[in-house]
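Enquirer: Order-wise, the sequence lines are chains A and B. Sequential numbering from 1 applies to the first sequence in my numbering. Sequential numbering from 1 applies to the second sequence in my numbering.
These are computed hints drawn from the structure, not numbers from a lab. For glycine and all other residues, C-beta sits at the position ideal for the given N, C-alpha and C. The reader is advised that the hints may include incorrect statements.
Stated by the list, open to error - Below are the PhoX-like pairs computed for lysine-lysine, each with C-alpha atoms no more than 20 Å apart in a straight line:
| # | chain 1 | residue 1 | chain 2 | residue 2 |
| --- | --- | --- | --- | --- |
| 1 | A | Lys6 | A | Lys126 |
| 2 | A | Lys302 | A | Lys392 |
| 3 | A | Lys126 | B | Lys6 |
| 4 | B | Lys126 | B | Lys6 |
| 5 | B | Lys9 | B | Lys126 |
| 6 | A | Lys6 | B | Lys9 |
Claimed, not checked - Estimated spans, in silico, between C-beta atoms of each pair:
| # | chain 1 | residue 1 | chain 2 | residue 2 | range |
| --- | --- | --- | --- | --- | --- |
| 7 | A | Leu22 | B | Gln38 | 33 to 43 Å |
| 8 | B | Lys9 | A | Pro323 | 51 to 61 Å |
| 9 | A | Thr66 | B | Glu83 | 54 to 64 Å |
Residue strings, one per chain:
There are 2 protein chains.
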Amino acid sequence: MTIRTKFEKLGTRHAPGQEVRLAPTAPERTRHEPLPGQPVDFSHGDVDAHPPSPGAFEAFAEAVETGGAQAYTEYRGAAAIRETLAGHLARFTGAPVDPQDGLIITPGTQGALFLAVAATVSAGDKVAIVQPDYFANRKLVEFLEAEMLPVQMRHAEVTDSAGLDLGQLEDAFRAGARVFLFSNPNNPAGVVYSEREIAQIAALAARFDATVIVDQLYARLRYPDVPYTHLRAQDIAPENVVTIMGPSKTESLSGYRLGVAFGGAEIIDRMEKLQAIVSLRAAGYAQAVLRGWFAEPEGWMKHRIAAHQAIRDDLVALFGAIPGCRVRLPGAGSYLFPELPPLSISPENFVTVLRERAGVTVTPGTEFSPHAARNIRLNFSQDHAAAVAAVKRLALLVEEYRG
Amino acid sequence: MTIRTKFEKLGTRHAPGQEVRLAPTAPERTRHEPLPGQPVDFSHGDVDAHPPSPGAFEAFAEAVETGGAQAYTEYRGAAAIRETLAGHLARFTGAPVDPQDGLIITPGTQGALFLAVAATVSAGDKVAIVQPDYFANRKLVEFLEAEMLPVQMRHAEVTDSAGLDLGQLEDAFRAGARVFLFSNPNNPAGVVYSEREIAQIAALAARFDATVIVDQLYARLRYPDVPYTHLRAQDIAPENVVTIMGPSKTESLSGYRLGVAFGGAEIIDRMEKLQAIVSLRAAGYAQAVLRGWFAEPEGWMKHRIAAHQAIRDDLVALFGAIPGCRVRLPGAGSYLFPELPPLSISPENFVTVLRERAGVTVTPGTEFSPHAARNIRLNFSQDHAAAVAAVKRLALLVEEYRG
Numbered sequence: 001m002t003i004r005t006k007f008e009k010l011g012t013r014h015a016p017g018q019e020v021r022l023a024p025t026a027p028e029r030t031r032h033e034p035l036p037g038q039p040v041d042f043s044h045g046d047v048d049a050h051p052p053s054p055g056a057f058e059a060f061a062e063a064v065e066t067g068g069a070q071a072y073t074e075y076r077g078a079a080a081i082r083e084t085l086a087g088h089l090a091r092f093t094g095a096p097v098d099p100q101d102g103l104i105i106t107p108g109t110q111g112a113l114f115l116a117v118a119a120t121v122s123a124g125d126k127v128a129i130v131q132p133d134y135f136a137n138r139k140l141v142e143f144l145e146a147e148m149l150p151v152q153m154r155h156a157e158v159t160d161s162a163g164l165d166l167g168q169l170e171d172a173f174r175a176g177a178r179v180f181l182f183s184n185p186n187n188p189a190g191v192v193y194s195e196r197e198i199a200q201i202a203a204l205a206a207r208f209d210a211t212v213i214v215d216q217l218y219a220r221l222r223y224p225d226v227p228y229t230h231l232r233a234q235d236i237a238p239e240n241v242v243t244i245m246g247p248s249k250t251e252s253l254s255g256y257r258l259g260v261a262f263g264g265a266e267i268i269d270r271m272e273k274l275q276a277i278v279s280l281r282a283a284g285y286a287q288a289v290l291r292g293w294f295a296e297p298e299g300w301m302k303h304r305i306a307a308h309q310a311i312r313d314d315l316v317a318l319f320g321a322i323p324g325c326r327v328r329l330p331g332a333g334s335y336l337f338p339e340l341p342p343l344s345i346s347p348e349n350f351v352t353v354l355r356e357r358a359g360v361t362v363t364p365g366t367e368f369s370p371h372a373a374r375n376i377r378l379n380f381s382q383d384h385a386a387a388v389a390a391v392k393r394l395a396l397l398v399e400e401y402r403g
Numbered sequence: 001m002t003i004r005t006k007f008e009k010l011g012t013r014h015a016p017g018q019e020v021r022l023a024p025t026a027p028e029r030t031r032h033e034p035l036p037g038q039p040v041d042f043s044h045g046d047v048d049a050h051p052p053s054p055g056a057f058e059a060f061a062e063a064v065e066t067g068g069a070q071a072y073t074e075y076r077g078a079a080a081i082r083e084t085l086a087g088h089l090a091r092f093t094g095a096p097v098d099p100q101d102g103l104i105i106t107p108g109t110q111g112a113l114f115l116a117v118a119a120t121v122s123a124g125d126k127v128a129i130v131q132p133d134y135f136a137n138r139k140l141v142e143f144l145e146a147e148m149l150p151v152q153m154r155h156a157e158v159t160d161s162a163g164l165d166l167g168q169l170e171d172a173f174r175a176g177a178r179v180f181l182f183s184n185p186n187n188p189a190g191v192v193y194s195e196r197e198i199a200q201i202a203a204l205a206a207r208f209d210a211t212v213i214v215d216q217l218y219a220r221l222r223y224p225d226v227p228y229t230h231l232r233a234q235d236i237a238p239e240n241v242v243t244i245m246g247p248s249k250t251e252s253l254s255g256y257r258l259g260v261a262f263g264g265a266e267i268i269d270r271m272e273k274l275q276a277i278v279s280l281r282a283a284g285y286a287q288a289v290l291r292g293w294f295a296e297p298e299g300w301m302k303h304r305i306a307a308h309q310a311i312r313d314d315l316v317a318l319f320g321a322i323p324g325c326r327v328r329l330p331g332a333g334s335y336l337f338p339e340l341p342p343l344s345i346s347p348e349n350f351v352t353v354l355r356e357r358a359g360v361t362v363t364p365g366t367e368f369s370p371h372a373a374r375n376i377r378l379n380f381s382q383d384h385a386a387a388v389a390a391v392k393r394l395a396l397l398v399e400e401y402r403g
């Protein structure tokens, strides 16, 4: 594969946040009246509406005062911070975390994901990937010139599980996949894998000696009475699981670029070797912000979850009121993944019209699965009133363009 | 190649800053008396001795106040900051920089280097690499499963150029190399390429339609009367040059992890696509620190250069006084790369003994070239008195182990 072909497949045209680089549309497509209202960018969360967890900036400022000792850490991150994190993460996930050899601090969870995949997948390898799932998963596999074996998740057809097709996962392992990568809670659908699904994934991984990389970025933002099962606490060889988390979403600390990966020592060691040539380390001063992670003030997380639950419920009701629109109530996280009714214009054009006429930015479903052309993803971590008004404008446009 | 083999080649055992992960040596090797003195870690600069350029933290704090708009930027970095940087970098290098399509902000210059190489090199490609040069260059080529074609730099044998073997570079291009990667000023030797060398590199690149990636990390820390030639301002197709810089070294801003790459739009575009799956973006708040880059207070850079020149001169004199030691006066940057006389123990053991008995950490020459086993690299951006005392202890150990 030439380098040009390789990068043509790595499109970011519709990637969240990149809309600013799109050329303005030809006038005929926007000759209709604009729908006025406060613009809402649902492609990512609004950290002004849901501000960073307290103490983050103060921890950063203190690290700058500390100086060189915090600027230059081990590539895997400062030992004392890893020690603190390991305790929190072990309690949270229900299985031990080795701060010395089993944990690495990365520039964002995106950094952790890249390192974990690149540390376990070579050119020509087969990798099982869920559809739909976080769009970068597929792109990482393509960049490494590996082969993706898709596993369908029928999230809209069930209510008590994620709807993963476990038969397809077994087939993927049988066909030679030795790495399985998935997000739980799922991005974009906001569904949580059931205890049975996680147990089955663990059993299949054990049977085929496969490595499982689980992106648990949203695992703290769970709505009441939604049970959550940590894969790493199941009956699975610890060296075959890498768990990824970070404070960019629920805690609104994205501006500091922090993530962690924890799991088997050999894979973490490879990830550090790779980080040494990719970005050296997560910014030294920023690492100190992690001292406050899992140590937020009493009630802070409860309040954040309640605020998101209220927005979720309002938006789900609005989508539910659009005839022909299918939407499942997310059990965790801040993503909604409604399937719109058939429209008279292409989904791609609808997303453009929505942005240009209504000031509403959403991410097309095809970023997450080739089978989700009629879906759109919304990160509803927004100003509550503005989000409700934006989805009302969206509903008006659905009626205008109904097919 | 299996993933295990691939990562075995990616060693970080002797990487600067990773010494803390080395197991303590067997007692017999450290049974000798320690040489007391303030420990000095020459593997990287001391940002406490040479503090960050003024205003950096204030710019960061302001960005945190700005909130979401600065936390979530385009993957290539905030447009307004790119605009400011493009002006500074065009003036500094003497050729235009396109802020919209020709510049990307990255997590450190290491991030820029990784993206530039991965955006231009595929598995099986041939890449010309200087020996000695920054150790990550070789590792990047190996990670991408490309082939390295070494080009010798005889820095110790000349005084008016870097000593690059231009015949070997031409041979490398003839043998199929289409990418040439080098640092100027050279890390580890601190030498600056002459105008003639840069002109020849430009001519060869044009003749073979090759891409040149030039790491100019230390291009601002130049000692008086040392001429410097920017490759990108020479007679070379702008789309075939990527220039990398950053404020981590001279400006001591490493704790913020910032770098920039600027050059042809197509390569910068590929780099952004890759950044989207590797780390998303340089930390949003940290990007704002770049507003103060190339805008330091009057006299600040002059003072910083003078402080380093004084340390350089003292250390070069100390090494020059060791019989059989060869050292060239660096024209730029804060690296010294002396060749030690033959010793009775292996270079690897000497580096260990030096660290364990004298508290002096240096980087073995073999990290930079297989032909530099007797060299060591010192980053002399240290406390002046402590650095002088440390090199005196080193000189004592050279005598003790002289072969």
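Enquirer: Lys126/B and Lys6/B were given as a pair; does the straight-line alpha-carbon distance stay at or below 20 Å?
Expert: It holds: about 17 Å lies between the C-alpha atoms, which stays within 20 Å.
Enquirer: Given the hinted pair Lys302/A and Lys392/A, is their alpha-carbon gap at most 20 Å?
Expert: It is violated: about 28 Å lies between the C-alpha atoms, which goes past 20 Å.
Enquirer: For the pair supplied as a hint, Lys126/A and Lys6/B, confirm whether the alpha-carbon distance does not exceed 20 Å.
Expert: holds, 17 Å
Enquirer: Is 54 to 64 Å right for how far apart the beta carbons of Thr66/A and Glu83/B are?
Expert: With a Cβ separation near 33 Å, Thr66/A and Glu83/B fall outside 54 to 64 Å, so the hint is violated.
Enquirer: Can you let me know if the beta-carbon spacing of Leu22/A and Gln38/B is within 33 to 43 Å?
Expert: violated, 56 Å
Enquirer: Run the distance test for Lys6/A versus Lys9/B: straight-line Cα separation, threshold 20 Å.
Expert: violated, 24 Å
Enquirer: For the pair we were handed, Lys9/B and Lys126/B, check the Cα-Cα distance against 20 Å.
Expert: Distance ~18 Å between Lys9/B and Lys126/B Cα, so the pair holds.
Enquirer: Just to be sure I understand the hint, the distance between the Cβ atoms of Lys9/B and Pro323/A should be within 51 to 61 Å; is that true here?
Expert: holds, 59 Å
Enquirer: Hinted pair, alpha-carbon criterion (20 Å max): Lys6/A, Lys126/A. Please report holds or violated.
Expert: Distance ~17 Å between Lys6/A and Lys126/A Cα, so the pair holds.
In this structure, the hints that do not hold are numbers 2, 6, 7, 9, in rising order.
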